[in-house]
Amino acid sequence: MLLLSVNKLNIRDQKTGKTIVRDASFAVQANTCLGIVGESGSGKSMTVREILGVNPRWIQSDGEIWFEDRDILQDDEKQRRALRGRKISMILQDAMTAFNPIEKMGYQMRQTFVQVLKVTKKEAERLSLDSLRTMNFSDPVAVYKSYPHELSGGMLQRCMIAIALVLKPSLIIADEPTTALDSINQLEVVKQFQYLKELTGTTLILISHDLGVVQRLADHVIVMKDGEIVEDGTVANVFNEPQHPYTQYLVNTRLQLSDSYVKTLQAGGV
Amino acid sequence: MKQYLTKRILGTFPLLILVTFMAFVLINLRTSDPAEIALRVNQITPTEEVVQQMREELGLDDPFLIRYKNWILNSLQGDFGNSYVNKKPVLEELQQAIPPTLQLAGVTLLLIVIFSISIGIICSIFENRWQDRFLRGFIFVLAAMPSFWIGLLLMWYFSVYLGWLPTSGMNGPASIILPALTLSLTFLSTYVRLIRNNMIQNASENFILYAKLRGLRQSTVVWKIFANSIQSSLTAFGMSIPRLIAGTVIVENIFAWPGIGRLCVKAIFNSDYPVIQAYILMMAVLFIVCNLLVDICIVMIDPRLRREAK
Amino acid sequence: MKTKWLAGLIALLILVAGCGQQAKQTTQASGEKKNELVFASTKDIRDINPHLTGGELAAQNMVFESLVVNTPEGVQPKLAESWDISEDGLTYTFKLRENVVFNDGEPFNAEAVKQNIDAVVANYEKNAWLNLVQVIGSTAVVDEHTFVLTLKNPYYPTLEELGLTRPFRMISPNSFIDGTTANGVNGYAGTGPYQLAEHKDNQYALFTINEHYWGDKPKIGQVRWKVMPDHQTILLALQNGEIDLIFGADGDMLDANAFTSLQEQGKYITKISPPSGSRSILLNSKREFTQDKLIREALQYAINKQTIATGILNGTEQIADVLMSKSTPYADIELTARPYDVAKAEALLDQAGWVKSEDGYRYQEGKKLSLMLSYNSDNAQEKTIGESMQNDLKAIGVELELLGEEKQAYFDRQKSGEFDLQYSLSWGLPYDPQTYVSTWRVPSHGDYQAQAGLEKKEWLDQTIGEVLVEQDEAARADKYEQIFSYVHEEAVYLPLTYSVVKAIHSEALHGVTFNVSQYEIPFELMYFE
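Residue numbers (numbering that gives the first Met the number 0), protein chains in the order written: chain A, 0 to 269; chain B, 0 to 309; chain C, 0 to 528.
Bound-form chain A, shown alone:
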């Protein structure tokens, strides 16, 4: 079943007049993981932000984004907001700055569940603590009472995933979830995503420029360069038989990098 379908999406920056994303079209099947690969500036983040409708006012777009039963690009702000968190969740790249520094973690989690899931505060608290436990935190209560700056990047990333878990959206978009982390934490997070995928069957869109992570987690992959989709296929096809010269270049370079990744895997004794 097709969960999300993007047709001929163009994204323009009104301030500079440039077209950032040109004619993008791709689809995501339910219960699969789509990887989006590309360098910074290729338009990956813009595209997924457009799906959620959180780009600044001066970013204009046309085309279609089909989700559930309609083209959500035609929705008004109220409808778009109703989808955020509830139906489509996003996990940000930089976990260290993703949370409000002056509020405790527990408060922020609880507030999210109360507003989005419409449960009582007590219920929200229970859900928060349970999800933290599920994310393998040794002391969920301590985390609940902490401020964001008291936790590490990896912990914060896991909190974000915890929130996404509880909200049980149909689609989770993870924007460079491992990029800001060191390799040990990266490993942690990749495992969590694997777990997410296997256990909950949530549909995932995973953005990364790290091919190793994509290969590990994604079923389908699209490659973006300078705002255009240059390659689109299954993971096996794209990585083993890349068609586009750019993809070939990426795959070749990655082979050199992945060695260090594998070494870390082995050294970690997992």
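Worth flagging that the hints you see were computed from the coordinates, not collected in a lab. Treat the hints with care, since some could be wrong.
[Stated by the list, open to error] Here are some chain B residues pointing at chain C (derived, C-beta under 7 Å):
# : residue
1 : T44
2 : P45
3 : W155
4 : A255
Where is the CB? At the ideal position from N, CA and C, for every residue including glycine.
With chain A fixed as given, assemble chains B and C onto it according to the hints.
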């Protein structure tokens, strides 16, 4: 935390001593004979004999450091000497004049907070659109206008033309409106810009994006932006208190408000040195104490700084 | 949506403005006769102890009276009904008014008068600025209503000086502290038409009718003395109806332009008193250039006083050709005026050997003819007058430097004599001429300093001393003529104008007049209609 507090408090003493010493030195550098001044102020012709009598009365024949020591010791006990003008204890004059100024500063601070927050928020919501530009332009024009002019304009409009409010004096709650309004408008531009810029900056922060992405309500998101913006503006607001208290001079003169600003100006015109000295001392203490309190408040409120203080 | 808001806001403002005007009209129409006069001053009344100089004269005048009073017709009875002066001019016997009480109930009698006068004389250093204090020998009580004052030597202005606003006014002996008034008083019990009912420091003072008053009670029940340090505020308060009266000479009065514009508006009544004091410039006879009489005379002809009177003072003051106006006692003499005559001024400078060079200024032996005018930087009017003079002097080749200093430095300079030109404002009636010329003998006064270089300064001081004790009217007049003539001859004073007292009040207020002294305000004669 306690360590931080004690360190800060102890650090204020050398500063206080330095400031008071400087004030005393500067005032005593004057070329005119204070005994003569004390007489002139009361329209007494300074002949030799009467000047000598005054010098003895005021203890002006003692050496400098002795006079400084006496002044400091007396001041600590609240004895600032007597005013040259009306012979009353300076402490009494200060006690009479401080409450009106505090009232004025208090109401003004309230107005500044209300105006700057509301205008700052509006500006940030309509960032760079005509509402923002218009408001900022208006605030800029206000900042360019001297306070006495704003005061007189408001006085003319609300008092003479509309007849709603009294022109001056301290009679009842209505008479604090114009002076407080004038004073707040003079200071407004700094704070509006501060709130607006903080709001805009915070609005583009990652955690705000994430808050939106989580599906939180619009009002909740705005509140988060606001709460963070206020945090950073706290120091500015806190330090505005001594600025306000010291800056009421012009407004108090125009609106005949019997506060310490007016007292100080009168003392300067009359060369009433005991009052001037006491005023400087008081203001210095006020600034230093306020600074300290604001720093402590900031540390207590912002969780990130609390860790550093530990 | 937003335009609707804007439109609504504008409509609201218009409505509000309309309401405001309505409100003003209705209060005026109610026509209730006011019983409180609100008077605005930039200064607080402070301590109105009549024996000291630490309070406002106008306030002291409302509460305290003296044995006699100075009027345009001369000295008249007040608390003394009549008096006798002995042949030798040393003994004054006063017959006191009966059935007068201080407003604290204490009876007014000879004993009270003696205590008052003794207290003033005892506080010698502080009060010796007034000659009478130096001259009083003894006081005595003959009976309850007869009081005798004995002088050390005859002193003709005795009665005038007794009648001054201070220090010889009567306060109840109950208000004394430890038998004296030198260190303050514990009450303000006087015999005057008003009494001080309430005083909020630096805010206002409220005077109410003295119910025990022996004379005609004032028609206005209350006078509220409001303190407003800013002149603009006073102007707006007048327009707002918050104050009824503005009264005073330079310091407490609106500036000339504001006064003129109010005059022209026609909504208020403006009054100007007869000339009260002399506004002149001292030319220092001890300084390098101004010690030359020719230069002093040249300066006299060089100044265009019309510009000052019309352009700066807006025609409110008359031009003065001589130091004392003719209405001053003993000054109704013939002295040759030195009118504005640029050619004459230039001729005098040429005669003195000062040659005009290309830069427009005059030089002699390489030195430029450059003078300095010292003024009080607080006084904007003095500066403007100085600038006008600067212009006039430049036309004849004299450079005038304006030196504005803060008050104390200005007074120091006055005392030290380190000025070429400085302002002199006489005290006005009834102090002129005797108190004024008396101060010419005191070194700390600018007048003394300016006269110090005169050849006959010693003679001048001596003559002044003599005229004060001269019994014979004719001889006195003659001595004054000599004094004024000499000073005029020597061109040590450059008379500008005769100062006046101005009053502005609402149309509802009547009976606004001027006392002989420019510092007093006759509230007791005013009434509303």
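Checked hints:
For T44 of chain B, the shortest C-beta to C-beta distance to chain C is roughly 4 Å, which falls under 7 Å, so the interface hint holds. At a threshold of 7 Å, the smallest CB-CB gap from P45 of chain B to chain C is about 6 Å, leaving the interface hint in force. Residue-level restraint check for W155 of chain B holds (minimum Cβ-Cβ distance to chain C is 6 Å; threshold 7 Å). At about 4 Å, the closest approach between the beta carbon of A255 of chain B and any beta carbon in chain C falls short of 7 Å, and the interface hint on this residue holds.
When each numbered hint is compared with the structure, no violation occurs for any of them.
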